[in-house]
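4 protein chains.
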Amino acid sequence: MGRLGVAILGATGMVGQIYVQMLSRHPWFEIKAVTGNSSVGKRLGEAYRGKGHVPSEYADLEVLSSDPAKIDADLVFSCLPTKAAREVEPKFAAAGFPVVSDASAHRYWPDVPLIIPEVNPEHIELVESQKKRRGWDGYIVTTPNCTTVGFALPLKPLVDDFGLRYVNVVTMQAISGAGYSGVPSMAILGNIIPYIDGEEPKVSEEPRKILGTLVDGEIKPLDVQIDATCTRVPTIVGHLEAVQVELERDVSVEEVKESLSGFIGLPQKLELPSAPRRPINVFDYDERPQPRLDSDAGEVPGMVVSVGRVRKGKRPGTVMFVSLSHNLIRGAAGSAILTAELLYALRKVR
Amino acid sequence: MGRLGVAILGATGMVGQIYVQMLSRHPWFEIKAVTGNSSVGKRLGEAYRGKGHVPSEYADLEVLSSDPAKIDADLVFSCLPTKAAREVEPKFAAAGFPVVSDASAHRYWPDVPLIIPEVNPEHIELVESQKKRRGWDGYIVTTPNCTTVGFALPLKPLVDDFGLRYVNVVTMQAISGAGYSGVPSMAILGNIIPYIDGEEPKVSEEPRKILGTLVDGEIKPLDVQIDATCTRVPTIVGHLEAVQVELERDVSVEEVKESLSGFIGLPQKLELPSAPRRPINVFDYDERPQPRLDSDAGEVPGMVVSVGRVRKGKRPGTVMFVSLSHNLIRGAAGSAILTAELLYALRKVR
Amino acid sequence: MGRLGVAILGATGMVGQIYVQMLSRHPWFEIKAVTGNSSVGKRLGEAYRGKGHVPSEYADLEVLSSDPAKIDADLVFSCLPTKAAREVEPKFAAAGFPVVSDASAHRYWPDVPLIIPEVNPEHIELVESQKKRRGWDGYIVTTPNCTTVGFALPLKPLVDDFGLRYVNVVTMQAISGAGYSGVPSMAILGNIIPYIDGEEPKVSEEPRKILGTLVDGEIKPLDVQIDATCTRVPTIVGHLEAVQVELERDVSVEEVKESLSGFIGLPQKLELPSAPRRPINVFDYDERPQPRLDSDAGEVPGMVVSVGRVRKGKRPGTVMFVSLSHNLIRGAAGSAILTAELLYALRKVR
Amino acid sequence: MGRLGVAILGATGMVGQIYVQMLSRHPWFEIKAVTGNSSVGKRLGEAYRGKGHVPSEYADLEVLSSDPAKIDADLVFSCLPTKAAREVEPKFAAAGFPVVSDASAHRYWPDVPLIIPEVNPEHIELVESQKKRRGWDGYIVTTPNCTTVGFALPLKPLVDDFGLRYVNVVTMQAISGAGYSGVPSMAILGNIIPYIDGEEPKVSEEPRKILGTLVDGEIKPLDVQIDATCTRVPTIVGHLEAVQVELERDVSVEEVKESLSGFIGLPQKLELPSAPRRPINVFDYDERPQPRLDSDAGEVPGMVVSVGRVRKGKRPGTVMFVSLSHNLIRGAAGSAILTAELLYALRKVR
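Chains as they are written, first to last, in my numbering: chain A, 1287 to 1636; chain B, 1287 to 1636; chain C, 1287 to 1636; chain D, 1287 to 1636.
Isolated chain A, as found in the complex:
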């Protein structure tokens, strides 16, 4: 049986590179087309020149424009910039393509699932009402902001095991999160920028949807308040997050560690190709996780979220920890690929 053909919309950016690298050795998917903007007509290898690597088997792919009529694929990944995504993704869905997007454009539409495969695979059912309501043959499924996934994934077992009342998260985000040219070196070398435009509202809202419940074809958000402070720091990959949670009951550090490290979800049960054996890795000693050493953790590098420094806060029921996730893999391309694997396993892709 042949592999599924996939297309990558916006393949010439930094996340695009990661898709190409991850899919160059994928058992189920094969890249059939890549699209870009200013580099349409070039070979993919040329589009990356000076900025990164492209696996040799895909270096000669021609960069196409993001036009459904020109694309032959069973499924489409989108890492388009927000504005382009807003325009292009619905066209692909209307043309019958399943679209898995890590762009923010449609994340907050009530009939678009926002998926972390281990956390809320059941939300995928939303695509049925989406297709019906919009009259599409295809559909759009989205993955969260790169910052959201790093703490929303560890929140899942805590919600299930202890109940969750409140979250305060302070993020230290890597420069790659803003795209290749997003952060000038003059802005960040030896520096921190204590603000990322538009980030905190996403970080405060997305986990409520992801951790919400599917009721009568609609998602009822989790009733939890989330405060966020998002900063940019001079690291290359790996968003580090200092998280404080208030749980519904007082718990021991050991209970929390067991809840986190023991957690598995549907991708693990289905043994999806990009699913790590355990999605959360808990460090027992204080100096870890560190972005440069641990962002690549996992059998599929970058798919594991690392948690460390689990300890109790001064107030009853509060727990503090730091989490680290690879913002380009678990926070973007890897999550989307795992979501596509889930769609395929659930027979949402032919």
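Hints should not be assumed to be uniformly reliable.
Heads up, the list lumps identical chains together, so a pair's fine if it works in one copy or across two of them.
[What the hints assert, rightly or not] Quick list of in silico lysine-lysine cross-link-like pairs, DSS-like style, CA-CA up to 30 Å: (1) 1543 / 1328; (2) 1337 / 1543; (3) 1600 / 1543; (4) 1634 / 1555; (5) 1337 / 1598; (6) 1418 / 1488; (7) 1369 / 1328; (8) 1600 / 1488; (9) 1598 / 1488; (10) 1488 / 1543; (11) 1377 / 1417; (12) 1337 / 1356; (13) 1417 / 1634; (14) 1377 / 1356; (15) 1488 / 1337.
The hints are simulated quantities; they were obtained by calculation from the structure and are not laboratory data.
We have chain A already, so just place chains B, C and D on it with the hints.
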């Protein structure tokens, strides 16, 4: 009238350099002696070779050992390592010297004042009972950990104006906070270390003493709970701190900003030489403060604490902001010099 | 007697900021106007928001467009981008303004002097033929590329004292040399880019003109071959250059050091306000100069070129050293200001 | 047939980690023992805590002391610090072990081969006279300084094809070259140190021995002069070197590129497991090689030396290029492993 002669114990380290630079243009104080450890017998300029600058007028000072019998000075600054401080500072106090120390060795002694001159100048009175109890002619006054001062100073007007119930602080601390050789470059370049040994207890406890009340010759700590997560980031100077406070009543962002930016303390009223006109600078736009741009803020560079991103949290009474302070100046040498100026103005130094 | 009024064309960029800071405390010059492009109509303080500092006395200057009809000034500094400079600077010269430019647009015109004030002040005479030939009331004087000045200045005493046959220079250039947004952080954090577009030809040619001789109203370039390799490294300011020279005779290290450190030029003799007492500082020990510690060297910070590691090469007559210069000050704004001071002292500005 | 048992002396340092990682998937060699100093008695995993990764199959190896009597192995790798190497390596050789060392202690002994396997495999014959002269059952073979290998390897085809008269090399060396704690972050963040103690003499001398000829059981060094300037820059791995060579005749850029990229040596002919298909990779466009993107080049990551910017100098016969090599792999562990593979293939290890 001549200037007061001062000595610097531990002058050959990184904070020592800052003392020498700040005192090279000081209207009241003049450096009479410097001490070191491995560089005893060298000239000060030689001891700094390859690592920094020493003002030419002090380059030829001989590095002495930290022995009270060898030092002729009216006041002694100590930036000794903890262990040496524990041993040496009491000897100087016993020998009649007023000692102003930024080391942690004696900060937590009940009869040793822990001073931020704008916050708790009245605690200086503790030295009288200290001298009596210990039978010393001199005394020890301490300044806080470099991380404490960055948020304890802004807490002061909030305590006074609104009452304070709880603090959560996540710090992003510059490498200079660990001394010249404290952080290997392999550990921190493009990286974050989510833990600093021994730091969080200091950060959680010190503000309670500093913001406490002097009652019957003893300090009653402020009743407030403080959670802290301390991280090391690849910045050179300037500790950035993401602070969340819970106040006793709901307040507007404007009220908080006015409380912070309007705050002045005794050093301002006395117009001490190293006192900035306003100790807290509040930014009105989101991108600031930044360590590389703003650590040097103030008429006396590095003495102002910068605050930005003042906003309300999701829960009533909670307010969030980031603060930035120069860890070597406001967090060490500058605070100690300002404290010494206060001691002099209050006639605690002859 | 009042100060001379000056305008800064392109004042909103990174070099523009340096001009404003240096001129905010200048004894002879006073900023009367600033121009920009996308920020025309804004206040200068607003144009720098989030990126840097502007002295308070100039924060409210309105950013004008670069139109000679709108500018009232005795002299004009230009730090415009090349393309804009090509178009705008001749208009100002034609309108009667003396223009001192650090842009590359007109550096290579045979009748435009390319000045390092200590090296070739006599080339200023070229402006007379420039004015005559072009029928201008004003004129254009240029300063070299930021990389050129770091080694062309130390070459001057070597040419004079020993004769120069060949130069090989390898540069390690700071990110600020490319402008605020010139180098993405993803390109340079923990990295080196072994190429800077268009830089090496400038570096190979400019010293030949600067060190050339004015003969019959034309500059005869110095007959020397210069090979250059220009790289970008993750430093913020300060271009470090590893220089190898072949002199016309074999010399001792001591002779070279004395030649360099003893060198003074016309700005020193005239005691111009921005002239350092000695333009070249020679380090005697191996670890210096370093960009972060030494870029600011000099009584007027950033105006001294630091040289270190002077030693003999394996072949007779070859000498090797490293040099460091502040690319925004000695390599741009500071050189232009010193040149303007020279013009004023030589009565080329009324 | 089983794999050869090897021991790693000094396994707990940064290069030690690389040995363990490379040997964890090696077809011929298996780690039987590791030695350390301060961590003797610990498990290897514990010794790396907070600093790096150890493959799980070796995490429980006990760290032994460097005593031949305690080690059971067919071959010994040494990455001991110089002083320890000087003392320990001869003991192992006397005790019958073949020792492959990347330490500098014995590199310059006339009867100790200094090997780059592609360049001078025939020098291995020196071990026979070494054993005889010293009465050892084992022997010592060394690999060059991490900086040497990056340009000595590309020099080999140039020597063979065009003849070589002179080399000038300016290096920009990564912090990992100095060991985990070798470079304090305060020294190097946003900075360059223009000097590395003891490095330049090694860099100037080693290629002469490596490129020399074995005549009557002795090595006659290549008659070439090499000038070197060695600097430390804030990159993590990958030494970048700007090289200028003077060849015996004038050549075209194309001839040089072909000479470099076409070069293969004995390891390629023998298809040794760690030999890249082509040891030198030549880039055709200007922006590469870059340390962060290209240090890992090669089928066995880090074993390829990348060359870029090949161009002619101003003087006839001079050619300039930049080269990049992974200082921990091709510059240390990888070279030693490839050398051991060569020894095994040449039946110098039973």
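Verification of the supplied hints:
1. 1543 / 1328: between (49 Å within a copy, 26 Å between copies)
2. 1337 / 1543: For residue 1337 and residue 1543, only the inter-copy Cα distance (22 Å) is at most 30 Å; the intra-copy one is 39 Å.
3. 1600 / 1543: Both: 18 Å inside a copy, 27 Å across copies.
4. 1634 / 1555: within (18 Å within a copy, 51 Å between copies)
5. 1337 / 1598: So residue 1337 and residue 1598 pass the 30 Å test across copies only (26 Å; inside, 43 Å).
6. 1418 / 1488: The answer is within: 27 Å in one copy meets 30 Å, while 59 Å across copies does not.
7. 1369 / 1328: both (23 Å within a copy, 28 Å between copies)
8. 1600 / 1488: both (28 Å within a copy, 14 Å between copies)
9. 1598 / 1488: both (27 Å within a copy, 17 Å between copies)
10. 1488 / 1543: For residue 1488 and residue 1543, the Cα distance is within 30 Å both inside one copy (27 Å) and across copies (26 Å).
11. 1377 / 1417: Cα proximity of residue 1377 and residue 1417: one copy only (13 Å, versus 63 Å across).
12. 1337 / 1356: within (27 Å within a copy, 44 Å between copies)
13. 1417 / 1634: Cα proximity of residue 1417 and residue 1634: one copy only (12 Å, versus 70 Å across).
14. 1377 / 1356: Only inside one copy: residue 1377 and residue 1356 sit 12 Å apart there, 51 Å across copies, limit 30 Å.
15. 1488 / 1337: Both, since 29 Å and 25 Å are each at most 30 Å.
Going through the hint list in order, the structure satisfies each hint without exception.
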